[in-house]
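Chemist: Each chain, letter by letter, is given below.
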Amino acid sequence: MSLFRLILQEMQHRKINFLLGLVSVVIAVACLVAALTLLQADEIQTAFILEKKADEVKEAGDQLEDAMRKITKGLGFNILILPSNQDLNEFHLTGIVSGTMPEENVKILAESKIVTVNHLLPMVAKKITWPEKKCEVILTGTRGEVPLRHRALKKPLQQQVPKGTMVMGYQIQQKLGLNVNDKVKLMGKDFKITQCYPERGTADDSTVWINLEEAQELLKMQNLVNAILALECNCAAKDRVAQIREEIGKILPGTQIIERGPPALARAEARNQAHASAVASLEQEKANRLQMIKRHADFAAVLVPLVVLGCGAWIGFLSLENVRRRAPEIGVLRAIGLRSTQVFGIFIIKAFLIGVIGALIGYFLGYGIGITWGSLPASVNPQEALFSGRWLLLSLIFAPVLASLSSWIPALLAARQDPATILQEG
Amino acid sequence: MLLELVELSKSFKSGSKRVQAVDGISLTVDAGEFLAIKGPSGCGKSTLLLMVGGLLSPDSGEVLIEGTNPYKLSNDQRARYRSTHMGFVFQQFHLIPYLNVLDNVLTPALATNLSQAKERAKELIEQFGLEHRLHHTPAELSTGEKQRVALARALFHQPKILLADEPTGNLDSENSEIVLKALSEFTKEGGCVLMVTHDDQAVKSAERVLGINAGRLIPESETEVLLNS
Ligand SMILES: Nc1ncnc2c1ncn2[C@@H]1O[C@H](COP(=O)(O)OP(=O)(O)O)[C@@H](O)[C@H]1O
Ligand SMILES: [Mg+2]
Numbered sequence: 290m291s292l293f294r295l296i297l298q299e300m301q302h303r304k305i306n307f308l309l310g311l312v313s314v315v316i317a318v319a320c321l322v323a324a325l326t327l328l329q330a331d332e333i334q335t336a337f338i339l340e341k342k343a344d345e346v347k348e349a350g351d352q353l354e355d356a357m358r359k360i361t362k363g364l365g366f367n368i369l370i371l372p373s374n375q376d377l378n379e380f381h382l383t384g385i386v387s388g389t390m391p392e393e394n395v396k397i398l399a400e401s402k403i404v405t406v407n408h409l410l411p412m413v414a415k416k417i418t419w420p421e422k423k424c425e426v427i428l429t430g431t432r433g434e435v436p437l438r439h440r441a442l443k444k445p446l447q448q449q450v451p452k453g454t455m456v457m458g459y460q461i462q463q464k465l466g467l468n469v470n471d472k473v474k475l476m477g478k479d480f481k482i483t484q485c486y487p488e489r490g491t492a493d494d495s496t497v498w499i500n501l502e503e504a505q506e507l508l509k510m511q512n513l514v515n516a517i518l519a520l521e522c523n524c525a526a527k528d529r530v531a532q533i534r535e536e537i538g539k540i541l542p543g544t545q546i547i548e549r550g551p552p553a554l555a556r557a558e559a560r561n562q563a564h565a566s567a568v569a570s571l572e573q574e575k576a577n578r579l580q581m582i583k584r585h586a587d588f589a590a591v592l593v594p595l596v597v598l599g600c601g602a603w604i605g606f607l608s609l610e611n612v613r614r615r616a617p618e619i620g621v622l623r624a625i626g627l628r629s630t631q632v633f634g635i636f637i638i639k640a641f642l643i644g645v646i647g648a649l650i651g652y653f654l655g656y657g658i659g660i661t662w663g664s665l666p667a668s669v670n671p672q673e674a675l676f677s678g679r680w681l682l683l684s685l686i687f688a689p690v691l692a693s694l695s696s697w698i699p700a701l702l703a704a705r706q707d708p709a710t711i712l713q714e715g
Numbered sequence: 003m004l005l006e007l008v009e010l011s012k013s014f015k016s017g018s019k020r021v022q023a024v025d026g027i028s029l030t031v032d033a034g035e036f037l038a039i040k041g042p043s044g045c046g047k048s049t050l051l052l053m054v055g056g057l058l059s060p061d062s063g064e065v066l067i068e069g070t071n072p073y074k075l076s077n078d079q080r081a082r083y084r085s086t087h088m089g090f091v092f093q094q095f096h097l098i099p100y101l102n103v104l105d106n107v108l109t110p111a112l113a114t115n116l117s118q119a120k121e122r123a124k125e126l127i128e129q130f131g132l133e134h135r136l137h138h139t140p141a142e143l144s145t146g147e148k149q150r151v152a153l154a155r156a157l158f159h160q161p162k163i164l165l166a167d168e169p170t171g172n173l174d175s176e177n178s179e180i181v182l183k184a185l186s187e188f189t190k191e192g193g194c195v196l197m198v199t200h201d202d203q204a205v206k207s208a209e210r211v212l213g214i215n216a217g218r219l220i221p222e223s224e225t226e227v228l229l230n231s
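Residue numbers (the working numbering), protein chains in the order written: chain A, 290 to 715; chain B, 3 to 231.
I should point out that these hints are in silico values taken from the structure, not numbers from a laboratory.
None of the values given here were measured: they were computed from a predicted structure.
For each residue, glycine too, the CB sits at the ideal point set by N, CA and C.
Certain hints may be false.
Quick list of the computed label-pair ranges, beta carbon to beta carbon [claimed, not checked]:
#1 GLY26(B) <-> GLY599(A): 50 to 58 Å
#2 ILE698(A) <-> ALA216(B): 38 to 46 Å
#3 ASP202(B) <-> ILE698(A): 43 to 51 Å
A few chain B residues facing chain A, derived, Cβ under 7 Å [unchecked claim]:
#4 LEU75
#5 ASP78
#6 GLN79
#7 ALA81
#8 ARG84
#9 SER85
#10 PHE90
#11 TYR100
#12 LEU116
#13 GLU179
#14 ILE180
Working from the sequences, and respecting the hints, build out all of it.
Modeler: Below is the structure:
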């Protein structure tokens with residue numbers, strides 16, 4: 290016979306008292322563990338969602354960067370600098386520039402410190418009827434690239450058209466049945482065809498290119514140009530045309546600037562927006578999740594102490610009832626010679642045992658609640674992710690301590706009980 | 003002289019009145035003596051017994067067991083003293099309801115370790131003819147059997163003094179006989195029994211009988227008269 294055996298026998302004998310105590314410990318621990326487990330699930334889920342969002346943001350960022358790179362390299366956007374006297378409406382309707390400006394403008398621009406503009410191409414262009422062939426063409430004179438003074442010359446984008454040579458668009462070439470190395474006469478002047486472009490599906494197909502100076506001569510436009518084409522402009526600002534307009538406006542007052550947008554531009558804009566919305570969505574999601582976690586944590590912070598206090602009070606009440614009912618037993622044990630600390634121990638050890646058993650059951654109940662109701666990403670195994678040896682240990686410490694503390698006063702009362710008053714009866 | 007009581011008094015407050023439960027009792031008892039104290043209900047018998055047993059400190063007077071006053075000891079020392087010197091038997095048996103017979107008899111071992119406790123307990127249980135009841139709980143026993151278990155428990159540590167508070171009060175004459183015989187035998191082995199009762203049958207087993215009334219002992223000469231009447 291040991292004190293421990295006596296305690297176990299008593300617990301078995303007064304099952305209701307034991308079970309009521311156990312149930313309250315189980316509830317307290319389950320409540321605590323479920324709260325912790327659900328919060329843990331929240332956090333795992335949040336981390337997962339945010340990671341996914343971050344990936345999306347990164348992808349959108351990469352795409353944006355790629356688009357920007359394409360704009361600034363090779364596929365950059367182009368602008369057309371037009372004379373002040375050009376009717377833009379007419380230009381858009383016909384595709385032809387009738388206004389002129391001094392060729393000098395190119396030089397001024399090239400010698401300025403402008404950074405947003407690359408590859409300056411002065412040009413003249415006029416719709417004419419090719420006298421010798423009786424065929425309407427756009428005659429374009431181009432000089433090739435004018436180097437920007439403050440920068441090293443980049444690889445020329447558009448090859449120069451040397452004097453006496455001609456480059457031919459697809460439609461004209463087909464119509465006239467001409468080929469590379471054929472010699473033709475244009476307005477009385479001899480040209481050798483050096484290149485024929487494949488079909489582009491634009492006005493280029495109806496264009497012939499010759500050297501700028503020769504074109505100026507043929508068209509009687511010495512020292513005049515119709516337009517300056519700036520290729521591969523690199524300006525990442527949102528409203529870049531406005532910015533370029535402002536820059537060029539300072540250098541060449543009165544010129545008009547329009548954008549000839551290649552698809553890369555639209556793509557970049559879309560990417561820019563996609564990236565911005567991905568970032569915004571990440572921020573929103575982060576805020577939502579944090580708010581949700583805070584809401585849950587706040588709820589747990591109110592509920593858990595309430596349940597714990599309630600259970601503590603209930604255990605205390607049950608212990609008190611147990612002590613009262615066992616008064617004769619305590620009297621006899623004291624008469625037999627048990628010390629008051631042993632009597633105290635009987636009640637505290639009992640509470641402690643209920644705490645241990647309740648912690649084990651309560652932990653797994655709370656854990657069960659957590660894995661049942663906690664929302665986790667599909668790729669995460671809830672049994673593994675939410676099991677916590679630390680919390681099990683915490684429960685195994687917390688519950689016996691809670692139960693023992695709750696039973697402290699009843700156990701003290703038992704230890705101090707005067708055996709005489711009980712034994713005197715009868 | 004094993005036990006000496008010197009002018010022992012105890013009063014209780016009951017409402018606004020004071021009840022003098024024990025009023026200046028002096029007494030000496032020797033080892034091997036079977037002393038019965040007889041008196042009507044409420045005359046202070048249980049109070050006297052609890053004071054002798056070291057469970058209720060007197061208002062005045064002294065309890066001396068082999069010259070030691072248990073009330074001069076600390077609480078724990080007194081508890082230990084009880085476990086080694088005293089055995090208790092009550093009218094209500096006060097067995098522990100959830101322990102079987104063997105464990106009930108073994109409860110004194112919780113206070114003081116004893117080698118071969120189980121053997122000693124079984125020996126006592128056999129002595130009282132309860133070996134077939136070893137693993138039964140008190141609820142499964144007859145009243146006579148319960149008191150025999152209580153007796154076995156009281157004798158477990160071979161006490162010097164056995165204090166019996168109306169041990170036959172709840173028993174039929176057959177079971178009373180068994181208990182009283184056991185008490186007699188205990189005195190023959192050198193133990194001392196102090197039994198309080200209002201049962202005439204019980205009194206007959208005692209070698210020496212004292213009357214008690216209103217907390218005071220009646221002189222032995224007068225007790226004879228009281229008993230014979
Ligand atoms: N704890 C107590 N509080 C108040 N009165 C008590 C207490 N114990 C005993 N008494 C009173 O003391 C007197 C003696 O009681 P008790 O010793 O139990 O008598 P007996 O055992 O002879 O029947 C009775 O009047 C009883 O009411
Ligand atoms: Mg009594």
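Chemist: A separate judgement is required for each hint: does it hold in the structure or not?
Modeler: Results for each hint:
A beta carbon spacing of about 55 Å between GLY26(B) and GLY599(A) agrees with the range 50 to 58 Å that was offered as a hint. At roughly 40 Å, the beta-carbon separation of ILE698(A) and ALA216(B) lies within the given 38 to 46 Å, and the hint holds. Our hint of 43 to 51 Å for ASP202(B) and ILE698(A) holds, since their Cβ atoms are close to 47 Å apart. Annotation: LEU75(B) was flagged as interfacial toward chain A, and the flag is violated, the nearest CB pair being 12 Å apart, outside 7 Å.
Nearest Cβ of chain A to the Cβ of ASP78(B): about 5 Å, under the 7 Å cut. The hint holds. Interface hint at GLN79(B): violated, since its Cβ lies 10 Å from the closest Cβ of chain A, which is beyond the 7 Å cut-off. Restraint check, ALA81(B) versus chain A: the minimum CB separation of about 5 Å is within 7 Å; hint holds. Interface restraint check: ARG84(B) against chain A, minimum CB-CB distance 4 Å, threshold 7 Å, status holds.
Using the Cβ-Cβ criterion of 7 Å, the hint placing SER85(B) at the interface with chain A is satisfied: the shortest such distance is roughly 2 Å. A distance limit of 7 Å between C-beta atoms decides the matter here; for PHE90(B) the minimum to chain A is near 5 Å, and the interface restraint holds. About 3 Å separates the beta-carbon of TYR100(B) from the nearest beta-carbon of chain A, less than 7 Å, and the hint is met. The beta carbon of LEU116(B) is not positioned within 7 Å of any beta carbon in chain A (closest approach about 11 Å), and the interface hint is therefore violated.
About 21 Å separates the beta-carbon of GLU179(B) from the nearest beta-carbon of chain A, more than 7 Å, and the hint is not met. At about 20 Å, the closest approach between the beta carbon of ILE180(B) and any beta carbon in chain A exceeds 7 Å, and the interface hint on this residue is violated.
The earlier numbered hints that this structure contradicts are 4, 6, 12, 13 and 14.
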